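From first to last, the protein sequence lines stand for chains A and B.
Position 115, counted from 1, in the first sequence is what numbering that gives the first Met the number 0 calls 114; the numbers after and before it change by one each time, with no gaps.
Position 101, counted from 1, in the second sequence is what numbering that gives the first Met the number 0 calls 100; the numbers after and before it change by one each time, with no gaps.
In case anyone wonders, no lab produced these hints; they're calculated from the structure.
Just to be clear, a hint being listed does not mean it is correct.
[What the hints assert, rightly or not] Pairs of lysine to any residue, SDA-like flavour, derived with a Cα cap of 25 Å:
1. B:K81 x B:T7
2. B:K68 x A:L358
3. B:K81 x A:G433
As the structure is a computational prediction, the values presented were derived from the model and not from experiment.
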Amino acid sequence: MTQQTDDLLLPILRAALDQTRSAACITTAELDRPGPEIVYVNPAYCEMIGRDETEVLGATPRIMQGPLTSRAELDRLRRDLDADRPFIGETVNYRRDGQPFLISWRIDPVQGPDGVTTHYIATQDDITALRRAERLLSAEKAVDGSVSILLSHPADATTNLQTMATDIASAVSDLVGYGRAVVVGDVRLGTSRAAFAVGARHGADEQLMEQVRLGPGTVQSGCDDEGRCWVGCALASELGGIGGALAVVDLDQAELDFIDQAAVGRVAECGRRALSSLAEYERQRLVAIELQRDLLPETDPVVPGFDVVARYQPGAFATRVGGDWYDVVRDGQRAVLIVGDMAGSGVRAAADMGRVRLLVKVLLQQGRSAADALALLNQFCSEEDLVATALAVTIDLPTREVSAVSAGHLPPVISSPHTAEIAQVTPGPLLGIGGSPHYPRSTITVDDDTTIVMFTDGLIERPDELIDVSLERLAVEVLAANSDDLARLCDGLILKRQANNPTDDIAILTVRPSHRSGVGEGSG
Amino acid sequence: MASLDNLTVTTATDDSTLVIAEGQIDSHTSSLLDEALTAVAGDVPLSVNLAGITFVDSSGLRVIVGAHKRQLSGGGSLTIVKPSVPVARLLDITGLTPELQIVP
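Here chain A stands alone, though its shape is the one from the complex (with noise of 0.2 Å):
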């Protein structure tokens, strides 16, 4: 550029950098103390930073820092102009009268014809807006993420509270960025209770959780004798009892004063919908649990001469509450022993095995064997469009002699003091399937020491794992258990098996000739 050009050209530079809405400030290029000095400020940068140029011409930029402005930043940002390259960074910066904000910012040399930087020129935005939407956003994507999450694969409702409570408190971690998050509460469904505590503390943070359980669901802070500041929000749900406060600790005035509090409240209120969700599909479970064993024979049923011992145990997740049954039916000189699985879930599961095992129930007390009560069961099943398991053991009382019949169902083990195998069962079809098929009857050995062992999928299955061995292993299961006492051996199967995670509803009956009293002694 010509001198002449220069000379025309130096009014519109002035005037275009006066009047451009980018903040722009010109420093000299002293980086050490007391720093570089402001020479240059436009009215946009007036206008963020809060104050009039007279104050800030002659000061350093460092009269915009504060308690919040990150150190790392300011290192980086010197080592970045002591090797005259250019900077881009993102800091708290303060306004005259305190208020914090965030500016993304970028500095760069502005070197004379020799190459030595003589002064550098900062541009900066005020993001603080844009920062807290992401931010915000990105909270409550999270909390709806992890309840979806949590929905389609649900634990108990305990650790799906935890797991909820964690979450929101981590959300709102990367929201605010500074202090502590917790989240405090307990849940009261039907019989059960349970109290979640995350990163809760004794003392001092469950006074200021107090303070916020009172509030309105209003987003509240406060600060002690100390200086330790805190803001929260209540997360109660009108829905199933949940009591519960949300709260950012440990912070102190500066990081309270920055904090972005109605996004607070707002991930708040996504807790609040999450742990509602959580609540409702948790009442429910306990709806379906309730008329399942509602619908289930309320004590072990009784057969002269023979030990019988039933249990049932829903599963962990609403949608595999309800469908399996089991029941005894006494006609005559015979005991029909049954153990069924609707395939459902549910209250509605839990409903249509009222109704299945009624019916089952009342064909065989009409005196019809096994085999035609399962065949007209399976015309009943496929004209309501239901499907169904069962199987059906049948004990002639004063021969002894035991016979099954499976709809489609898992056959029983047997076992003795020194074996146990799966029963050759030929399954007929499962109920539901429609047409006219035909339900083999199979003739099952026993002796007086026979257990017998019926019971559901839930108590086996594994989707890693092909039911052959599954099979095998519940055998294996009810050898080592070597049980004199049904009770124990159930009670045994069932807690082998809840240690492997199981989701499904779990029934077994289990029945072998009493010790104590001998053949045909019973009365009928």
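Once you've looked at the hints, dock chain B against the given chain A.
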């Protein structure tokens, strides 16, 4: 092709309809297969390839039985093609092997 959790369902229609399911059919995923089989239900021969199925639970059986009944009542048919070992064993135990058309 539709995917849900561990299950992928692909439908191809030509002279007959072929639905290929791969993965696990359980209470989380069975609805996906049910939707695919319901969408192509009718008086056509319907084949379901289950070679890539590693696990089926009772909700999966329900879907298969439902499709079988639907096809029969609609004048069509359902053929299970190449059931994997876990599927074949489950069909045996549930007494479905003689009831369904199965092409190994």
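Comparing the hints with the structure gives:
| no. | hint | verdict |
| --- | --- | --- |
| 1 | B:K81 x B:T7 | holds (16 Å) |
| 2 | B:K68 x A:L358 | holds (22 Å) |
| 3 | B:K81 x A:G433 | holds (23 Å) |
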